[in-house]
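Let's have the full structure, built from the sequences with the hints guiding it.
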Amino acid sequence: MNEPGGRAGYALRRVAQAVPVVFAIVVLNFGLLHLAPGDAVDVLAGEAGSATPEYMRQLRDRFGLEQPFAVRLALYVKNVLTFDLGFSFRHNMPVVQLILARTGPTLLLMGATLVVSVTAGIAFGLVAASRVHGWRDTLISILALVGYATPLFWVGLMLIVVFSLRLGWFPTSGMETIGAFHEGWRRVVDIAHHLVLPVATLSLFYVALYTRLMRAAMLEQVGMDYVTTARAKGLPEGRITLTHVLRNAVLPVVTMAGVQVGSLLGGTVVVESVYAWPGLGLLAFQALFARDLNLIMGILFLSTCLVIVVNLAVDLVYTLLDPRIHLA
Amino acid sequence: MPRRRFPDLLTTASLFLLVLAGPAWAQKQGGTLVMLVQPEPPTLASYINPSVPVGQVAAKVYDGLLEYDFNLKPIPGLAESWTIAPDGKTIAFRLRKGVRFHDGKPLTSADVKFSVLEVLRKVHPRGALTFRHVTDIDIPDAYTAVFKLSAAAPYLMMALSGYESPIVPKHLFEGTDVRNHKNANAPIGTGPFKFVDWRRGQYIRLDRNPDYWKKGRPYLERIVARFIADSFTRTAAIEKGEAHLGGFAAIPWSDVRTLEKLPHIAVTTRGYEMSAPVGKLDMNTKRAPFDNQKVRQAIAYAINRDFVIKNIWFGFGKPATGPISSSFAVAGLYSSEVRSYHVPNGIEMANRLLDEAGLRRGANGLRAEIVHDLTPYGEEWQRFGEYVQQTLQELGIKATLRYEDVPTWLKRIYTDYDYWITSNWIQGLADPVIGVHRLYHSKSIRQGTVYVNGTAWSSPRTDELMDQAEVEPNPAKRAALYKEFQKLIVEASPIAFVHELQFATVYNKQFKDLIVGPLGIYGSFDQAHQAR
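Protein sequence lines correspond, in order, to chains C and H. Heads up: the first sequence begins at 1 in my numbering, then just goes up one per residue. Heads up: the second sequence begins at 1 in my numbering, then just goes up one per residue.
Hints may contain errors.
So the derived list for chain C, only partly shown, Cβ under 7 Å to chain H, looks like this [to be verified]:
no.	residue
1	Val-43
2	Leu-165
3	Leu-282
Heads up, incomplete: computed chain C residues facing chain H, CB under 7 Å, no partners named [stated by the list, open to error]:
no.	residue
4	Gly-46
5	Glu-47
6	Ala-51
7	Thr-52
8	Met-56
9	Thr-103
10	Thr-255
11	Val-274
12	Pro-278
Cβ pair distances, simulated, as ranges [unchecked claim]:
no.	chain 1	residue 1	chain 2	residue 2	range
13	C	Gly-104	H	Glu-369	48 to 58 Å
14	C	Leu-100	H	Pro-210	27 to 37 Å
15	C	Ile-142	H	Val-343	39 to 49 Å
16	C	Pro-68	H	Tyr-417	23 to 33 Å
Hints are computed from structural coordinates only; laboratory data are not their basis. We put the CB at the ideal spot given by N, CA and C, even for glycine.
Next up, the structure:
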């Protein structure tokens, strides 16, 4: 175990290391996004169906699009350093305000997915590994393969067809019943009801992934010497599996879950658009096609920070699961 | 199921209301309409951004001076009457008394003057064009607004709806930065519905305005605008009754044909008369081989319009004949006396014209190789692109398809002019001056401005005809000018006119009188009501 304060010191050091990384990502994002042809004014005028040239020039001027690239980059970096993410001219709102309103739903979706997929993945992996090549193992392995290979949007559409249109158990889309304006606990229940299908859709792939991972890790661990030792001590099989093997086998799943946070964020784009879930992924997607660069850079900045924080959290969780791992 | 009790309760409540209230309109009161709006509007400032989603929501909150009937004739709105001088240079509007904005302040002629001169003319994307002949607006009293024009502007009377030219409150906008106003996303108008709340990514809530100037209206208690990014989910929401209305392309044409079979769903193609959308192929007349009129005519001949409408647009649409949509026939501006490219032996005619143009087939049977750009506005255009590709193959022109996202495509066509031929669609809008001239006038060859003259074709005679039609107050003379204009454009064929798009509005039959005029879903919905 580390000396007292080591964990906090480690966390601080990691955060300090992250600053240049974030900075580099901000510059890279800015450069890449400005390579895209067309700008926000083209899109706005395109949507309006027509515009006078004077109107378009006026807008470009106002959005600061007439300034040279280097000036805009310097200005943006300066603003980000003071945590000012700029203004979305398209939405006529500060970017921070737009992003904050949409962060909650995405975190809810991601959090629920993470909990469901890790829990279910560990449970299925455990069951499958407990009787290798039994019918349960075969069934779980086949389902995992199917879940792993099915495209996300298709799962979403099929779940809507079956559980919403045919059976009528769940609403097709949205986060709350529109027009009902529930309060308090009724609102919580309402949101949970709306959350089921999106989480099921987004979890499917990860459940499959973690099941396979967990199964393999379990099988690897049961052959280890410490298991033989535990058996020799006369410990019951159930206890060996749950306290010794499980704890070791869960490490790769935790690693993977940490690494996958970034891709989970990518998956929310699809799920949020299929289920009209009012989150960040959908906002980012729409912002890109509208060339709302300030907004999309703001979302990317937030995502970068999120991934860094989650990776740090995963490293800290490691030391709790396995005291032999040291923070350095 | 607990849900079952809900309708009973409602019935009881409405019966109770009926007994209490008495007047005939009481039975129409109440109900929440959930309308799909696609995509989510970026703002509700319809005086700056008149795109479909913005207009669909804001037109419930803002009124205009006029409304319109299906014959494209103005009917009273905020203006209860008007007189136009014989020379067309003075238009005096008499405003309705007792109209109040949602914040309680009365509407006066000062609001009209401010909205037109300080807001619409300065920040509306086509306001500078619509109101360019307006030199001043006199307001002799609080309820009279007299437009002074430098020349007659017959199209002006078509552009005064609550969608196209919303009247905004002067007392909130005066002395502020109109382009960046706090009420941009929380509009305050005089319309039948008041803005209440906007949950980004979810919905906009509009509630009934009890002080609306049309007594007893509106009937609906609430309108909720919902945003669902995925077209399949939008269709599912309509089917399940979670949403009640979808217009423009919110429901894809393919799904309209499925939904219309359901007993609780109705479909109408009315309500797009003032949008007058036309699907077409734009040709770059500065690039060979499309610098040759015969080649352009050949393309126009080769397209089988019936096939396209039936197989790609699921039967929605009608063959287009020229630059002005046939929906302007009621206004007398449409003419079908033009060269007809809608012929049975189109391919044959096209091949003959290409031979005459000197574009001979090479050893490999090919006359030319080009890239065909697709307008990025939905799957239909991709299928249409594949159809064009095959058709061109029959003419000996090898076309590669190119599909880009909206900003990239707009830049390619209207800034870089880096294309041969592209599919496109455009709204004819309320009058040819506003919607059509921009595509053909030499003054509209403006690099970097979208949806103007991207083919770079013009002629002195057509310029002249448009300039005259813009200021011609006599309807018969104006019609004659447009007749010649249509003939010349169709002959020169800078654009192959394919079909007049028919959008379908899909709605739940519980709701009545949703689409009551040529503005369709851009209407105020003050007559809409829910059947009990």
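Evaluation of the provided hints:
Given the 7 Å rule on beta carbons, the hint for Val-43 of chain C holds: about 5 Å separates it from the nearest Cβ of chain H. The restraint placing Leu-165 of chain C at the interface with chain H holds, with a minimum CB-CB distance near 6 Å, inside the 7 Å limit. A cut of 7 Å between beta carbons decides the hint on Leu-282 of chain C: the least distance to chain H is about 6 Å, and the hint holds. Interface hint at Gly-46 of chain C: satisfied, since its Cβ lies 5 Å from the closest Cβ of chain H, which is below the 7 Å cut-off.
At about 4 Å, the closest approach between the beta carbon of Glu-47 of chain C and any beta carbon in chain H falls short of 7 Å, and the interface hint on this residue holds. Interface hint status for Ala-51 of chain C: upheld, as the beta-carbon distance to the closest one in chain H is roughly 4 Å, under 7 Å. For Thr-52 of chain C, the interface hint holds, the least distance from its beta-carbon to any beta-carbon of chain H being 5 Å, beneath 7 Å. Interface hint at Met-56 of chain C: satisfied, since its Cβ lies 6 Å from the closest Cβ of chain H, which is below the 7 Å cut-off.
A distance limit of 7 Å between C-beta atoms decides the matter here; for Thr-103 of chain C the minimum to chain H is near 11 Å, and the interface restraint is violated. The criterion of a C-beta within 7 Å of any C-beta in chain H is not met by Thr-255 of chain C, whose closest approach is roughly 33 Å, and the hint is violated. Of the supplied interface hints, the one on Val-274 of chain C holds, with its beta-carbon coming within about 5 Å of a beta-carbon of chain H, less than 7 Å. A hinted interface residue such as Pro-278 of chain C counts as satisfied when its beta carbon comes closer than 7 Å to some beta carbon of chain H; here the least separation is about 3 Å, so the hint holds.
Remark: the range hint 48 to 58 Å for Gly-104 of chain C to Glu-369 of chain H is upheld by a beta-carbon distance near 53 Å. In this structure the hint that Leu-100 of chain C and Pro-210 of chain H lie 27 to 37 Å apart at CB holds, the actual value being about 34 Å. The hinted range of 39 to 49 Å is not satisfied by Ile-142 of chain C and Val-343 of chain H, whose Cβ atoms lie roughly 59 Å apart. For Pro-68 of chain C paired with Tyr-417 of chain H, a C-beta distance near 24 Å keeps the hint of 23 to 33 Å intact.
Hints 9, 10 and 15 from the earlier list are contradicted by this structure; the remaining hints agree with it.
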